[in-house]
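Participant: Sequence:
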Amino acid sequence: MPLVLPDIDDQTDDLVVAVDSTGHQGTNRGEWMRENLWVQQGWIKAHIIVEVNSKKLLGIEITNEQASDGQVFPALLDQAQGASGDKTITRVLADGAYDNKDFFNRLEKDHINSGIKIRENASSKSGGSPYRAECSRKKQKAGYRAWAHENGYGKRWAV
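To convert, note that position 69 of the sequence shown is 71 in the numbering used here; the numbers rise steadily by one, no gaps.
Don't read these hints as lab results, they were simulated from the structure. In this text, a Cβ means the ideal position worked out from N, Cα and C, and glycines have one as well.
Here are the computed lysine to any residue pairs in the SDA-like style, where the Cα-Cα straight-line distance is at most 25 Å:
hint, residue 1, residue 2
1, Lys47, Trp159
2, Lys127, Asp97
3, Lys103, Pro76
4, Lys103, Val161
5, Lys140, Arg108
6, Lys57, Thr90
7, Lys140, Asp97
8, Lys157, Asp22
Quick list of simulated restraints, FRET-style, between CB atoms:
hint, residue 1, residue 2, range
9, Ala148, His113, 20 to 30 Å
10, Trp34, Ala144, 42 to 52 Å
11, Arg139, Thr24, 27 to 37 Å
12, Gly154, Thr24, 19 to 29 Å
13, Trp159, Gln73, 16 to 26 Å
Using the sequences and the hints given, assemble the complete structure.
Facilitator: Below, the structure is given as structure tokens:
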């Protein structure tokens, strides 16, 4: 079933988007077996990307529990860029699950600023992603609170 997303009617041409995912277990049936006999039941994950000011949905992917956030991020970003029309995505806000050099390389390629929370002990050397190293140095220099304020990291709760 195709997903039709609404147009964004914001006054600005620049968009700040937030990405996150959540899981849901379909049922509690067999919970005793899962806890006591280690029988695993599947669950689903919803990966969502929204525009933080209008809180409009720009993309969604539903996967099983085996799909990581990293596998779904490129598809979500493509959906958001398609749904944004002539508006430009200027920043992506995401938690530490998206701290990956491939994500940073994609953001750099698309000229999108990062609002991805980088690990505290992250290396400031490039290691395959000069943009991630630059973001890591900025966060280490400013400190977490200043970095979060500068990037509007608190707005990611719009997801």
